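Asks: Position chains F and G against the provided structure of chain Y, taking the given hints into account.
Take a look at the letters that make up each chain.
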Amino acid sequence: MKKILSLCMAMALVVSMTACGSKDDGKATTAAPADNTTTAAAAENDGTAAAGGEATTAAAGETVAFTGEGSFKIGGIGPTTGGASAYGIAVQRGAQIAADEINAAGGINGYMVELNFQDDEHDPEKSVNAYNTLKDWGMQVLVGSVTSNPCIAVAEKSQADNLFQLTPSGTAVDCVKYDNAFRMCFSDPNQGLESAKYIGENSLATKVAVIYDSSDPYSVGIYEAFRAEAENQSFEIVSAEAFTADSKTDFSVQVQKSKDAQADLLYMPFYYTEASLVLQECDKQSYKPVFFGVDGMDGILSVENFKVELANELMYMAPFVATSEDEQVKSFVTKYETQFGETPNQFAADAYDCMYVVKAAIEKAGATPDMDASAICDALKTAMTEISYDGITGKEISWEATGEPNKAPMIVQIKDGVTVELQ
Amino acid sequence: MMGFISYLVNGISLGSVYALIALGYTMVYGIAKMLNFAHGDVIMIGSYVVFSTVSTMGLPPAAGILISVAVCTVLGVVIERIAYRPLRQASKLVVLITAIGVSYFLQNVALLIYGANTKSFTSVVTIPPLSLAGGALIISGETIVTILACIVIMIVLTLFIRHSKPGRAMLAVSEDGGAAQLMGVNVDGTIALTFAIGSALAAVAGVLLCSSYPSLTPYTGAMPGIKAFVAAVFGGIGSIPGAFIGGILLGIIEILGKAYISSQLADAIVFAVLIVVLLVKPTGILGRQIQEKV
Amino acid sequence: MRQMKTKALSKQTRNNLVTYGIVIAAYIAVEILMRAGMVSSLLKGLLVPLCIYVILAVSLNLTVGILGELSLGHAGFMCVGAFAGAIFSKCTMNAIPVAGLRFFLALLIGAAFAALAGILVGIPVLRLKGDYLAIVTLAFGEIIKNVINIIFLGRDSRGFHISLKDAFDLGLEPEGEVIIKGPQGITGTPNDSTFLIGILLILVTLFIVLNLIHSRTGRAIMSIRDNRIAAESVGINVTKYKLLAFTVSASLAGVAGVLYAHNLSTLAAQPKNFGYNMSIMILVFVVLGGIGNIRGSIIAAVVLTLLPEMLRSLNDYRMLIYAVVLIAVMIFSWSPKCREFRERYGLKRLLGSKKGAKEEV
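Residue numbers (our numbering), protein chains in the order written: chain Y, 30 to 452; chain F, 47 to 340; chain G, 559 to 919.
These aren't lab readings, by the way, just hints derived from the structure by calculation.
Be careful, since some hints might not be right.
To be verified - Derived pair list, reagent style DSSO-like, types lysine-lysine, alpha-carbon separation capped at 27 Å:
#1 F:Lys327 with G:Lys798
#2 F:Lys138 with G:Lys895
#3 F:Lys138 with F:Lys79
Treat the numbers as computed from the prediction; the structure is a model and nothing was measured.
One chain only, chain Y, in its complex shape (with noise of 0.2 Å):
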């Protein structure tokens, strides 16, 4: 009798195994065609949950209306739950705005465009299976991942299927070891390169204090590459103090240590979150050093009811000010405030302009919906070096062979809650 139980058990395994197998199976062939509609829905209604509902199944009725004949199926993996789900969420949002607007204008080269974000909850391995979904649905270049670790680990996978893909902010410098990987961003060195001359060269300070996210390889790889510059420069590291992604309430002793250091500037490379418990803590302790952020700040200002008085003289890189005259970004912005009721940050913004750049290299290399994922990787991966791309993240990129883009870094600033260009 339990034998027979136990055989009926190893059945239903095998059988519910099949089940999966053959039901994904059949959704990767047959969702081409028919699952349009729906994913190209989904993904729109995607994260809307407050604002703006009207307005995206408007627009979801337009896309579908549009995808007849063969389209370019370009996949999304970002987080959109978890701790980092605030900049998995502002990718999907920036590449969607981006590519509805590409359809509305009439898609590349007379092909719509199907964009479809999947989820990764910032973990490599759910990355990959986020990866293998798209495969699944038949993406044909990737805009993705999101964060650093999944990022590497899905470009093994890329470069195995040899799968053209761009992250938008990817910054760990294995995201573009393979040549199918590009990416919108600067680079973690870069970054931490940039600033330390920066400071340098304009004589910001003569006795720096660092404090880093010691278990975050965004924040390390730019302190690792700043510490490294500093050694050529006028001034001084007095301190370096670490916060782990465990114990990020408090601030207060980092903040002490630097002010004992007497630091007279404090560089934060890391995200806005967490920036903006420094700088309260930094107001609590009334010390007032020259704040001196990364790509990571941009957002504080967005940041509900945060007192931007904190924030004032802050200096930061930006590839994007959201506040910016530039006709592109405007538009952007306001797409963007319209749709989701918040202003975009950095991460919408690499996403939105990662849309367009690949939209500028298949339109380049002329590559078709019907051709598969690897001629289309070939065709984009020469067509990217020989672009030069004006966006809403900089004008004239231009990429290396390397995947890494040529963009000016900008420093800005914050002055009475406004942010301003400083080079």
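Replies: Here is chains F and G on its own, set in the frame of chain Y:
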């Protein structure tokens, strides 16, 4: 020397927040004998309620806190009714897993309602900071209020449990649920009341946590929740004064560890001290020795 | 096969063989489907992680179900194994070109280091009881994660260099190579993990665990779980057996860690993969599959790993639904009312098999 005192003060102010959260943890554990992993997320929900009512809708802070306490109390009772009560007879582990399920649930609900972006919380405390030794030592208003709140809550809870009828019912349930039921104590009602009080405390803790450290995301509650759990174990889980002492000590250790040993290893130091304490006193500082029956 | 037919074979052995059979059958079925091109990329990519989670669930069941102690630090041992194995592979990538041999050695090294960690953690921890033990294992897990996160390890012609500050501090020669880059961890580990190896490791794990359970040692361990004082009074060395079970469990987690490290090209100790969240995740497999029920752990690990992936079409509501499913399943399978309901409406068979399995263990 001044530096040390200043670190100590910072430690106490962080510790007082842990202590406040730990009070709710230890209360639920002491009576319902379950690790309510969702406690940290109830705190987060409480903070969001205050954020919505005070910062967005513009109500006075007192009204916001009252609404938040009410919402959390209801939430706590509902969670208990739906997710924990059906499992009263099941293994402790099963309830632990369910609590984790509830924790994920609350985080994702908050994510869908409020989005992932950080919100900056406006402190509800208006007391000016206390400046000692000519400004070299600053004790913030939030710290003063948090410590006072901790002490008041601790005293009220102790008095309530020792001297009121429902309080004594809680003690009875905590000692032996089955026997208490035979003596006519409404066990389900008592446990529901425990959750109501525990969640109301969570709302207060949330407000003070976010007043001291004003950054609010759907995951704000998770790590302080775990730290407070550690604090509760540290002081002897189930013991109300133990939670207070454990919280304060944990805060001081964390800050001093960061200041004098290594800021990278702050977490490791906290946990290492916890391990050492538990090895010396296996039931925490004020914990009761469990009787073993053959 | 001949053995299987013999009537004399005990119920126990037969039951074990069925467990092995399920794993082998699952492997064969997947292989056949793969040949037939019916397996989606998603499932293909999930095969190795499934093996990893099955091994973790089975090994944790040894601690939770058989030894009866709640451990919340299982991911810590996995982390030790993963890093030990990955460092070895990374260093010997050129010295041992044969992937199979190198991976085998990496597995042994990962298991050995995790076992060592198990002993070191186990000696103090196992003196504690219940929730206190749980919190201390959680603490150890977090310490391991925290420490690994700040280690920088480099290698050049002068040997290994270690730093707790940053890679710059290592003072490497220009051609030197940084192996562990702090929070960025180890990148570029060879992708040696395959589904076949994963399945073989599951079988080895099952073999070890099932044989341990049904041996004299296993009975001693279970007697400690059921009544420590009674066990002690009949002369069972409680500490020894507790430590044994704990160490075996840790080393198997280390094996899973090595498999994990060689599956993706990046390995970093983040809260997501080696934090207490992961330990709890594995615990969920064990509890859902039935505490002490090895076969249940396997099934629960597979189902719960597949579930969030199957829910992808729900987009934003995915993790919300996952949480709801988790709570619902817990209530459905453990609440007395639901049990009554199930007994009344003919799902007796399912329940019967669960109970049966429990008795046999």
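Asks: Would you mind confirming whether the straight-line C-alpha gap from Lys327 of chain F to Lys798 of chain G stays at or under 27 Å?
Replies: Since the Cα atoms of Lys327 of chain F and Lys798 of chain G sit roughly 22 Å apart, the hinted pair holds (cutoff 27 Å).
Asks: Holds or violated: are the alpha carbons of Lys138 of chain F and Lys895 of chain G at most 27 Å from each other?
Replies: 18 Å, holds
Asks: Tell me if the straight-line CA distance from Lys138 of chain F to Lys79 of chain F falls inside 27 Å.
Replies: 8 Å, holds
Checked against the numbered hints given earlier, this structure breaks none of them.
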